[in-house]
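Enquirer: Here's the letter readout for the chains.
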Amino acid sequence: MTESEERRDVFKLSRDWLSVQEVVDTVSGSSCGAISMFIGTTREDELGGRKVIGLDYEAYELMAQSEFSKLCDDIRERWPTVTHVCVHHRLGWVKVGEASVAMAISSPHRHDGQQAIRHCIERLKASLPIWKKEVYDTQEESWKENAE
Amino acid sequence: MTESEERRDVFKLSRDWLSVQEVVDTVSGSSCGAISMFIGTTREDELGGRKVIGLDYEAYELMAQSEFSKLCDDIRERWPTVTHVCVHHRLGWVKVGEASVAMAISSPHRHDGQQAIRHCIERLKASLPIWKKEVYDTQEESWKENAE
Amino acid sequence: MTAQVCVLYFAKSVELTGVKEEEIVAVPTPISSRDLWSLLLQRHPRLLLLQDQVVFAVRHQYVAIGDQVVTLGDGDEVAVVPPLSGG
Amino acid sequence: MTAQVCVLYFAKSVELTGVKEEEIVAVPTPISSRDLWSLLLQRHPRLLLLQDQVVFAVRHQYVAIGDQVVTLGDGDEVAVVPPLSGG
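Protein chains in written order, with this note's numbering: chain A, 1 to 148; chain B, 1 to 148; chain C, 1 to 87; chain D, 1 to 87.
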């Protein structure tokens with residue numbers, strides 16, 4: 001197998017708690033000296049007297065997978081040394097404090113991976129067909145919108 | 001307790017396998033929307049026909065702790081929104097493929113944490129009194145030196 | 001020509017239409033994405049609340065609402081895509 | 001004045017001196033870090049291999065080898081610090 005055949009791009013939408021260890025293991029390999037990660041969690045937030053108690057996520061699942069593949073192609077074009085990419089994203093109900101997304105990128109040296117992980121979360125927010133609504137302690141709800 | 005009293009700077013030198021989950025848990029908190037991480041592992045490397053089979057780490061432990069505190073002060077001065085910082089570093093024998101350092105920084109928003117984690121690994125390599133030697137399959141050994 | 005397409009709604013657009021997906025049996029094709037949006041507005045007038053905020057995804061490709069012409073085939077998926085908020 | 005200090009060796013300097021730590025009973029103080037290095041070289045000539053590569057840590061503070069004068073007290077820790085390679 002050549003190096004490029006061994007490269008993994010793994011995307012998972014999950015209704016369960018995200019395992020950071022599983023994400024790390026997915027991108028680990030003996031040719032990778034560096035793993036850069038990002039984990040997004042729901043902050044405890046108060047908006048006009050209402051308290052956020054959690055988020056409810058939905059996705060256009062098949063399209064999310066194909067947009068993830070495009071995202072990986074884009075990353076590999078910009079940082080050809082990137083070895084493996086793994087993104088796990090929650091669906092359904094996510095309580096305040098829990099991770100809604102965990103992603104890791106491995107590379108032989110750290111600089112490429114560190115730049116690539118920043119690009120990965122930006123592009124994910126801009127292009128993957130995933131939506132969340134905030135749910136408040138007043139039982140009100142509000143669909144969110146990512147900044148451009 | 002005020003926000004600033006709650007901030008954690010956690011440094012651990014460990015002869016055991018590093019738990020990524022433990023590092024993440026240490027920096028988690030309901031005020032943090034973003035966790036940025038870096039994991040450094042030993043690459044499988046060949047140097048002039050010799051194969052690296054692992055690394056042997058040692059540290060000036062008490063001083064490493066005090067240099068870590070300075071490093072955290074420096075990070076908080078540059079990125080005042082940084083919430084928690086956690087670094088676990090291996091000591092002793094580390095096989096190829098295993099993590100020798102795992103670090104995480106939490107922050108309310110992701111940009112500060114992403115910049116801070118890059119600074120954290122650079123500063124750690126430049127200032128913490130920790131040394132490694134590479135051990136080869138030929139039973140030769142060689143002390144390493146971080147680039148400036 | 002017309003095509004029978006499957007329209008998928010997500011997020012706010014589900015609440016406005018009351019459906020997650022529906023078959024529309026005779027969509028003219030080719031059709032501009034603006035005319036396709038008008039056609040959905042006729043069926044679900046409350047979608048007007050998302051005017052200027054949504055895009056389509058036609059066969060998993062984003063298409064802005066405007067002059068762009070799309071060619072539809074029977075069984076094609078067309079999704080109404082409100083502002084994204086993943087991550 | 002003299003002080004009794006504890007000298008710690010790390011990494012390559014352990015291999016060159018054969019010791020990890022030693023008490024030195026009568027180190028002149030104040031002393032320039034260069035003179036302190038010369039004093040260690042007299043005890044362990046093989047340390048010369050690390051010349052221009054090491055720094056000291058005196059009471060956990062890095063001190064370059066040169067004109068800088070350090071004041072030592074009994075029981076102070078002085079470490080020989082070869083090039084760092086953590087991470």
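Check before you lean on any hint, since a few could be wrong.
Stated by the list, open to error - Calculated lysine-lysine pairs in the DSBU-like style (CA-CA distance at most 35 angstroms, straight line):
#1 B:Lys-144 - D:Lys-20
#2 A:Lys-12 - B:Lys-12
#3 A:Lys-133 - A:Lys-12
#4 C:Lys-20 - A:Lys-125
#5 A:Lys-144 - A:Lys-12
#6 A:Lys-95 - C:Lys-20
#7 A:Lys-144 - C:Lys-20
#8 B:Lys-51 - D:Lys-20
#9 B:Lys-144 - A:Lys-95
Simulated from the structure, these hints should not be mistaken for laboratory data.
On a predicted model such as this, the values are computed, not experimentally measured, just so you know.
Enquirer: All hints, please: hold or fail.
Expert: The hints, checked one at a time:
1. A C-alpha spacing of about 19 angstroms is found between B:Lys-144 and D:Lys-20, which places the hinted pair at or below 35 angstroms, so the restraint holds.
2. Proposed proximity of A:Lys-12 and B:Lys-12 is supported: the alpha carbons are some 32 angstroms apart, at most 35 angstroms.
3. Pair hint A:Lys-133 plus A:Lys-12 holds up; C-alpha atoms about 20 angstroms apart against a cutoff of 35 angstroms.
4. Only pairs whose Cα atoms come within 35 angstroms are accepted, and C:Lys-20 paired with A:Lys-125 is accepted, the gap being roughly 23 angstroms.
5. Between the alpha carbons of A:Lys-144 and A:Lys-12 the distance comes to roughly 22 angstroms, so the proposed pair stays at or under 35 angstroms and holds.
6. Straight-line distance between C-alpha atoms of A:Lys-95 and C:Lys-20 comes to about 24 angstroms, which keeps the hinted pair within the 35 angstroms bound.
7. A C-alpha spacing of about 19 angstroms is found between A:Lys-144 and C:Lys-20, which places the hinted pair at or below 35 angstroms, so the restraint holds.
8. For the hint linking B:Lys-51 to D:Lys-20, the alpha-carbon distance of about 29 angstroms falls within 35 angstroms, and the restraint holds.
9. Taken as a hint, the B:Lys-144 and A:Lys-95 pair is broken in the structure, with Cα atoms around 45 angstroms apart against an allowance of 35 angstroms.
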